Amino acid sequence: MIWPALLAGCVGVYLFKLAGLSVPAAVLQRPTVQRIAALLPIVLLAALIGVQAFGSGQTVHLDARVAGVAVAGLAVWRRAPFLLVVALAAVTTALVRHFLPGS
Amino acid sequence: MSSDAAFEGGQQERAAVLRDSVGVSVATGAYGISFGAISSAGGLSIWQTMALSLLMFSGGSQFGLVGVVAGGGSPWAGAATAVMLGARNALYGLRLSTLLGVRSWRRLLTAQVVIDESSAMSMGRSSKRAGRLGFYATGVGVFGLWNLGTLIGAVGASVLSDPRVLGLDAAAPAAFIALLAPRLRGREPWAVAIAAAAIAVATTPLVPPGIPVLIAAAFGIFVGAWPGSSGRAR
Numbered sequence: 007m008i009w010p011a012l013l014a015g016c017v018g019v020y021l022f023k024l025a026g027l028s029v030p031a032a033v034l035q036r037p038t039v040q041r042i043a044a045l046l047p048i049v050l051l052a053a054l055i056g057v058q059a060f061g062s063g064q065t066v067h068l069d070a071r072v073a074g075v076a077v078a079g080l081a082v083w084r085r086a087p088f089l090l091v092v093a094l095a096a097v098t099t100a101l102v103r104h105f106l107p108g109s
Numbered sequence: 150m151s152s153d154a155a156f157e158g159g160q161q162e163r164a165a166v167l168r169d170s171v172g173v174s175v176a177t178g179a180y181g182i183s184f185g186a187i188s189s190a191g192g193l194s195i196w197q198t199m200a201l202s203l204l205m206f207s208g209g210s211q212f213g214l215v216g217v218v219a220g221g222g223s224p225w226a227g228a229a230t231a232v233m234l235g236a237r238n239a240l241y242g243l244r245l246s247t248l249l250g251v252r253s254w255r256r257l258l259t260a261q262v263v264i265d266e267s268s269a270m271s272m273g274r275s276s277k278r279a280g281r282l283g284f285y286a287t288g289v290g291v292f293g294l295w296n297l298g299t300l301i302g303a304v305g306a307s308v309l310s311d312p313r314v315l316g317l318d319a320a321a322p323a324a325f326i327a328l329l330a331p332r333l334r335g336r337e338p339w340a341v342a343i344a345a346a347a348i349a350v351a352t353t354p355l356v357p358p359g360i361p362v363l364i365a366a367a368f369g370i371f372v373g374a375w376p377g378s379s380g381r382a383r
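Chains as they are written, first to last, in the working numbering: chain X, 7 to 109; chain C, 150 to 383.
Bear in mind the hints are in silico, worked out from the structure with no lab data behind them.
Since the model is a prediction, treat every value here as computed from it, not as a measurement.
Beta carbons are placed, not taken as given, at the ideal position from N, Cα and C, and that holds for glycine.
Hints are not guaranteed to be accurate.
As the list claims (entries may be wrong) - Among chain X residues calculated to face chain C with C-beta under 10 Å, some are:
#: 1; residue: Q35
#: 2; residue: I55
#: 3; residue: T65
#: 4; residue: A70
#: 5; residue: A100
#: 6; residue: V102
#: 7; residue: F105
What the hints assert, rightly or not - Coverage of chain X stretches by chain C, computed from C-beta distances (three or more under 8 Å per stretch; other residues unrestricted):
#: 8; segment: 9-20
#: 9; segment: 24-34
#: 10; segment: 39-53
What the hints assert, rightly or not - Listed next, with one range per pair, are the computed distances between beta-carbon atoms:
#: 11; chain 1: C; residue 1: S194; chain 2: X; residue 2: W83; range: 31 to 39 Å
#: 12; chain 1: C; residue 1: R252; chain 2: X; residue 2: W9; range: 27 to 35 Å
#: 13; chain 1: X; residue 1: A14; chain 2: C; residue 2: I343; range: 30 to 38 Å
#: 14; chain 1: C; residue 1: A165; chain 2: X; residue 2: V66; range: 29 to 37 Å
#: 15; chain 1: X; residue 1: P10; chain 2: C; residue 2: R255; range: 26 to 34 Å
#: 16; chain 1: C; residue 1: M272; chain 2: X; residue 2: P107; range: 49 to 57 Å
#: 17; chain 1: C; residue 1: R168; chain 2: X; residue 2: L13; range: 35 to 43 Å
#: 18; chain 1: X; residue 1: W9; chain 2: C; residue 2: P354; range: 27 to 35 Å
#: 19; chain 1: X; residue 1: P37; chain 2: C; residue 2: S253; range: 28 to 36 Å
#: 20; chain 1: X; residue 1: R85; chain 2: C; residue 2: W375; range: 27 to 35 Å
#: 21; chain 1: C; residue 1: L248; chain 2: X; residue 2: W83; range: 28 to 36 Å
Here chain X stands alone, though its shape is the one from the complex (with noise of 0.2 Å):
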């Protein structure tokens, strides 16, 4: 049932994409709220880099996506286009799992 909570998500995202437009501009300047807006995506993409790299279900462990993850840290740290850091991310943990399997 994963239909509900979609669409509830796809709502929620344009609400507030009309709320930019809508509400009064003093509600949104208020430091507090810029501080918020500008840390949510940095603690919720670390978050999920986090999870991602090392969680399954509610294990963490080590496996052949931690190589990846690692070549991507350093594509984006070359300054390597997106479609590139995504590419040798898959590339990489492909490769890795290819001689060690189960990893």
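Based on these hints, arrange chain C on the given structure of chain X.
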């Protein structure tokens, strides 16, 4: 400057704005292919993947929802993550509202294309007209090509029996690194990001999947609301 020269300058800027918009749209469409593939590999159907690109239409939020669901989290935790990742669109809308000046049903339609790319392409233009052109050309162009890319990626990945063989389970965190990197300017954002990742990993064995990301979000709200935090994280 004579009115002719002003007219010609306007034409030139118009062409330059449109060229930029097409470039951004094509690049984002290619990125849509990776979203479609990652979403499909993460267990969403082609219809669900397309619904996200058509209705949610905000790359970071879509990756966030798919990331949580692919990790075994509840779709509701995924939706909450997506909505919080979309909160920044409200700040773009705030800056755009005076530029666009849209009301009633036009505002309802325009809101859907208030995203990273269209907002960025509206800024720094010499005239309001050029800013509006950059916003709409990019918004509509990205919407079309992002959805086309999503469809190609979702159909392509859905024929794979095990996406792990191609390493697609590492593609999502790689995408998150690329999305996060431009926001890590200065020491505070780095410290906050490392703390958030550590909190999420540390709480993974303790709570249901998807919840660690929300705990990290609560941490971010706490840091942002803390009086005296510099808030230079941008």
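Status of the hints after comparison with the structure:
no.: 1; hint: Q35; result: holds (7 Å)
no.: 2; hint: I55; result: holds (5 Å)
no.: 3; hint: T65; result: holds (7 Å)
no.: 4; hint: A70; result: holds (7 Å)
no.: 5; hint: A100; result: holds (4 Å)
no.: 6; hint: V102; result: holds (8 Å)
no.: 7; hint: F105; result: violated (12 Å)
no.: 8; hint: 9-20; result: holds (count 11)
no.: 9; hint: 24-34; result: holds (count 8)
no.: 10; hint: 39-53; result: holds (count 14)
no.: 11; hint: S194(C) / W83(X): 31 to 39 Å; result: holds (36 Å)
no.: 12; hint: R252(C) / W9(X): 27 to 35 Å; result: holds (33 Å)
no.: 13; hint: A14(X) / I343(C): 30 to 38 Å; result: holds (31 Å)
no.: 14; hint: A165(C) / V66(X): 29 to 37 Å; result: violated (50 Å)
no.: 15; hint: P10(X) / R255(C): 26 to 34 Å; result: holds (30 Å)
no.: 16; hint: M272(C) / P107(X): 49 to 57 Å; result: holds (50 Å)
no.: 17; hint: R168(C) / L13(X): 35 to 43 Å; result: holds (37 Å)
no.: 18; hint: W9(X) / P354(C): 27 to 35 Å; result: holds (30 Å)
no.: 19; hint: P37(X) / S253(C): 28 to 36 Å; result: holds (32 Å)
no.: 20; hint: R85(X) / W375(C): 27 to 35 Å; result: holds (33 Å)
no.: 21; hint: L248(C) / W83(X): 28 to 36 Å; result: holds (35 Å)
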